[in-house]
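Following the hints, put chain B in place on chain A, whose structure we already have.
2 protein chains.
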Amino acid sequence: MRTVDPQQRETKRMALLDAASHCFAESGFVATRTADICAKAGMSAGNLFHYFASKHEVLLALVAREGEQIQQAMAPLAQAADPMAELLAFLDHICQLACDRHYAGLALEISALGHRDEAVARLVKANDRVLRDGLEALVRAADQAGQLHTVLSAPEAANWLATLIDGMFARVAADPDFHPDQQTEVLQSLVVHLLQGR
Amino acid sequence: MRTVDPQQRETKRMALLDAASHCFAESGFVATRTADICAKAGMSAGNLFHYFASKHEVLLALVAREGEQIQQAMAPLAQAADPMAELLAFLDHICQLACDRHYAGLALEISALGHRDEAVARLVKANDRVLRDGLEALVRAADQAGQLHTVLSAPEAANWLATLIDGMFARVAADPDFHPDQQTEVLQSLVVHLLQGR
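Those protein sequences? They're chains A and B, same order as listed. Numbers in my numbering are just positions in the first sequence, counted from 1, shifted up by 175. Numbers in my numbering are just positions in the second sequence, counted from 1, shifted up by 175.
If we strip away everything but chain A, and leave its shape as in the complex, we get (with noise of 0.2 Å):
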């Protein structure tokens, strides 16, 4: 019996997430084949099969990964001496990330397919989830670091965030001369006026 090294295999799962998230951004789900999987990672066709049961399984864990790095990313924020700077460089961040049109296209792939995937749609809901109980956090530590001066509460202030968040990512699908990057002032902005009444 061959034997198999757990972080090896970790880093070629991973590896294939990474080459699944292109093609699929790129062809779609329904039209991505698991051999144009490998070959974006290198792999021989087939090779996949020792790693997922299934495209749909690659699919599945490629939604639940971003779920983890959401809350990966956020968690350590809330617990910052700034939180209302963290929040604004965290869009700042997210920004950047609509500007990838692969990511974009990707997101924007992943909530169609969630419209007819029962299975997609649960962790696309988690996922989101996971997104605002991060931005709740930070607004009500930057409440309690006193700066804040908003009538909203702190689940509203995290929706509203939330929807400027989906709204960019909406825009960067819809007009390809919309460049999330150029528009960060107008973002912070907005924001400020949301939670710091000005």
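Hint data in this document are derived by calculation from the structure and do not stem from the laboratory. If you're wondering where the values come from, they're calculated on a predicted model, not measured in any experiment. Note that beta-carbon positions come from the ideal geometry of N, C-alpha and C, so glycine has one too. Heads up, some of the hints might be wrong.
Pair ranges (Cβ atoms, derived) [what the hints assert, rightly or not]:
| # | chain 1 | residue 1 | chain 2 | residue 2 | range |
| --- | --- | --- | --- | --- | --- |
| 1 | B | D308 | A | Q183 | 53 to 59 Å |
| 2 | B | H277 | A | G372 | 46 to 52 Å |
| 3 | A | G203 | B | A255 | 40 to 46 Å |
| 4 | B | Q183 | A | V367 | 55 to 61 Å |
| 5 | A | K300 | B | D275 | 37 to 43 Å |
| 6 | B | D257 | A | R304 | 49 to 55 Å |
Here is chain B on its own, set in the frame of chain A:
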């Protein structure tokens, strides 16, 4: 030969489009059968083919009608004496539409279909253009009426208004606890901040 009253023909065509919009929003485009659309419209199965060549043609007519409706709704607004008040009233109206989960679901279904159907994508893009042109005309009218105080150009302002609208529809889809009609004050406050700097 049977004579066809063009008025009556148009009425039936519109009734079929209304029925189709219900069916697509509830069951999705793929799962909806033309017989379902006929049943919803109170017509016998197959009747649809006197008016549309295929289910796909129904979908295209539905998206095209949406564009015409946006254009008709927006055209008079920029001629009004108080364009800023018209803009805020229009956004109120959008909040009401977004509350209709049938309408919001259909919007999502159509943008998802646009991701893999070139003809739908073209129409969705054209509708987005119509919306932004309408918003831009309103912003210009408000500017000429001396109502604006902003560094944003009219196209930039229109883009941000579209971002807020898109974001609200995305929130409705993601979160059943988000009620746009309870958010009109916050939305108005954001728009006033964007356009009048307060």
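Results for each hint:
1. B:D308 <-> A:Q183: 53 to 59 Å: This hint holds: roughly 55 Å between Cβ atoms.
2. B:H277 <-> A:G372: 46 to 52 Å: violated, 36 Å
3. A:G203 <-> B:A255: 40 to 46 Å: Between G203 (chain A) and A255 (chain B), where Cβ atoms are some 43 Å apart, the hint holds.
4. B:Q183 <-> A:V367: 55 to 61 Å: Taking Cβ atoms as reference, Q183 (chain B) and V367 (chain A) lie about 57 Å apart, which means the hint holds.
5. A:K300 <-> B:D275: 37 to 43 Å: violated, 21 Å
6. B:D257 <-> A:R304: 49 to 55 Å: violated, 41 Å
Consistency with the previously given hints fails for numbers 2, 5, 6, ordered from lowest to highest.
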